[in-house]
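Asker: This is what each chain is made of:
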Amino acid sequence: MKFGVVFFPGANAAECFYVIDQVIGHPVSSIQPDERELAGFDCVILPGGFSYGDYLRAGALAGATPVVEQIADFAEQGGLVLGIGNGFQILLNAGLLPGAMRKNESLRFRCHDVFLRVENSRTPFTNRYHQGEVIKYPIAHGEGNYYIDAEGLAQLEQNGQVVFRYCNKQGEVTPAANPDGSVGNIAGICNVKGNVLGLMPHPERCSEEILGNTHGVRLFLSVLDWWGIHTQEGVMTDE
Amino acid sequence: MFEAAVYVTLKKGILDPEGKAIMNSLRSLGYDQVEEVKSGKFFLLKLKAQDRTTAEEEVRQICEKLLVNMVMEDYTFELREVGR
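If you read the sequences in order, they're chains A and B.
Going by my numbering, the first sequence opens with residue 11, and the numbers climb by one from there.
Going by my numbering, the second sequence opens with residue 29, and the numbers climb by one from there.
Bound conformation, chain B alone (with noise of 0.2 Å):
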């Protein structure tokens, strides 16, 4: 058993006003060191795999499918094996 902690954020250059909304907020608060933010989303994936290479291409072609728009978003995971 395999476990996939994806995370998807915007590409560089495309407009976040969720990060932007949050990153004001945070000015607010007093927080004036912070430079940025991005915001995105976090997906924790358990698959049975055989092994590592094919839970590995499993992941990809989820993100690519489903989980991310490849037309705005990037994407990336961690794959840690898992006990039953």
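Same shape as in the complex, but just chain A (with noise of 0.2 Å):
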């Protein structure tokens, strides 16, 4: 079982390499924006950040990159495909994903912890952790807006699409505990399939005690798990 992690000019992929190389110790390679050719990956990985300075809109150009347009075939074909903050913006912009981003409803650029509860324990991402469980994990954007039309929201209900949401504390979801103005205060969802995650919030930053939260380390462990790869002895586990 093999990552993959997209280096886009301007996006912090070192910080999701670093993670599964270091903190999981699993098998990683970087992958180029003009990459035609995915053959060998299991699990790819579009990275929070920047992209392309995140011109036009953000995510915009980099979902017009070789690479994405390979990215769609994988996914097809069942591949894991996960996007982070940016990346998850390029999926939306991609069509990989349903929906968009809008601007956060404040205009401000929000960059503090924030509480989900997990929707859905049962995607390939998720499976370390319990369904309803809340979980605190940083966010860091400025057009986190999630932006879909209420027949869409429903199909993702009812589908079970959505895997995040932000909540308070008590694992409540209300408007106050939205840090971006989220349609259903969704903060992740995945395909029909499951096997493409995208979420707002950012599990590579919180993956390490020496960050002091250990929380986002259990989403690359389920990649692990669910393939079938007992995590290996010393690898660090938050529970």
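Watch out, some of these pointers could steer you wrong.
Stated by the list, open to error - If you want the footprint, here are the derived chain B segments under chain A, 3+ residues with CB under 8 Å: (1) 39-52; (2) 88-99.
Claimed, not checked - Pair by pair, the computed Cβ-Cβ distance ranges are: (3) A:Gly35 with B:Val110: 56 to 62 Å; (4) A:Ala24 with B:Tyr35: 34 to 40 Å; (5) B:Gly41 with A:Ala24: 36 to 42 Å; (6) A:Thr184 with B:Val110: 52 to 58 Å; (7) A:Cys121 with B:Glu46: 15 to 21 Å.
By construction, these hints were calculated from the structure, which means they are not laboratory data.
Even glycine gets a Cβ: it sits at the ideal position worked out from N, Cα and C.
Taking the hints as your guide, dock the two standalone chains into a single complex.
Answerer: As structure tokens, this is what we get:
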């Protein structure tokens, strides 16, 4: 099982690369934006950051690169695709996930910890969490105000595609707990098959004890579990 | 050679916090008569095309593939023939 992290100019790919390589200790390679061959990869990660300076719209230019075109085929064939922050915006722009991102309702860049309720723990990315569990991840975005029309939202809900929702510490999904104005407090969604996940909060920034929070590492370990790989000894889990 | 002026705005009903913030600023400057402000984007494209119909079709594709997020934005464009 092999991970690949796409290195777009302006994105923070090294953070994801580091977590896979050093924290969970698993094989990972970098992938360039003009790559047209994804054979050999099992999970491709589109990292956070500001790909191509977020010119035009966040994630729009990265969404039009050869590698993202390949990722569409890759996902179609069942490959795992994870988009974090800017990566989520790229997946929306490329049409791999439904909906779009607007500027935060506050017009402010929001950079702080948020509580999330795990709404679907049956995906390849969330099986290490419990259904309904409340976890804490950091966010850092100015365009994370998720939009989808009423019909699209009903479909997401019906198919169990809402994976993470912003909530308070008690797990209540309230307007006050919504940092950006997202429809339905949505922080992360997957496609119908569940092999493509996009989320605005950053699991890779809360995957080590030294960072004061290890809730994020279970997302990466979930992928290994899903592949039937038993986590090696010494690999940190926060359980 | 054709020049296309492309205007991109948010679809009706989509929250436009920038437009709202600009309107509030205008109000505080004393422009009470301003009823609404819509923010958007403007692009000026120059393209080589055989004729007007081809140019129009190309601009439409460019808009829908990249310049515009069709989920929440609308676009219009004006096309005019220009010298080389």
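Asker: Please check whether A:Thr184 and B:Val110 have a Cβ separation lying inside 52 to 58 Å.
Answerer: holds (55 Å)
Asker: Is it true that the C-beta distance of A:Cys121 to B:Glu46 lies inside 15 to 21 Å, as the hint says?
Answerer: holds (20 Å)
Asker: Is the gap between the beta carbons of A:Gly35 and B:Val110 within 56 to 62 Å?
Answerer: Given range 56 to 62 Å: holds, Cβ gap about 59 Å.
Asker: Between the stretch 39-52 of chain B and chain A, are there enough contacts, at least three residues with CB-CB distance under 8 Å, for the coverage claim to hold?
Answerer: Since 5 is at least three, the answer is holds.
Asker: The stretch 88-99 of chain B covered by chain A? Criterion: 3 or more residues, Cβ-Cβ distance below 8 Å.
Answerer: Coverage by chain A holds here, the residue count being 5 at a Cβ distance below 8 Å.
Asker: Does the Cβ-Cβ separation between B:Gly41 and A:Ala24 fall within 36 to 42 Å?
Answerer: Given about 40 Å between the Cβ atoms, the range holds.
Asker: Has the hinted range 34 to 40 Å been met by the Cβ atoms of A:Ala24 and B:Tyr35?
Answerer: Between A:Ala24 and B:Tyr35, where Cβ atoms are some 39 Å apart, the hint holds.
Violation of the numbered hints given earlier is absent; every hint is satisfied by the structure.
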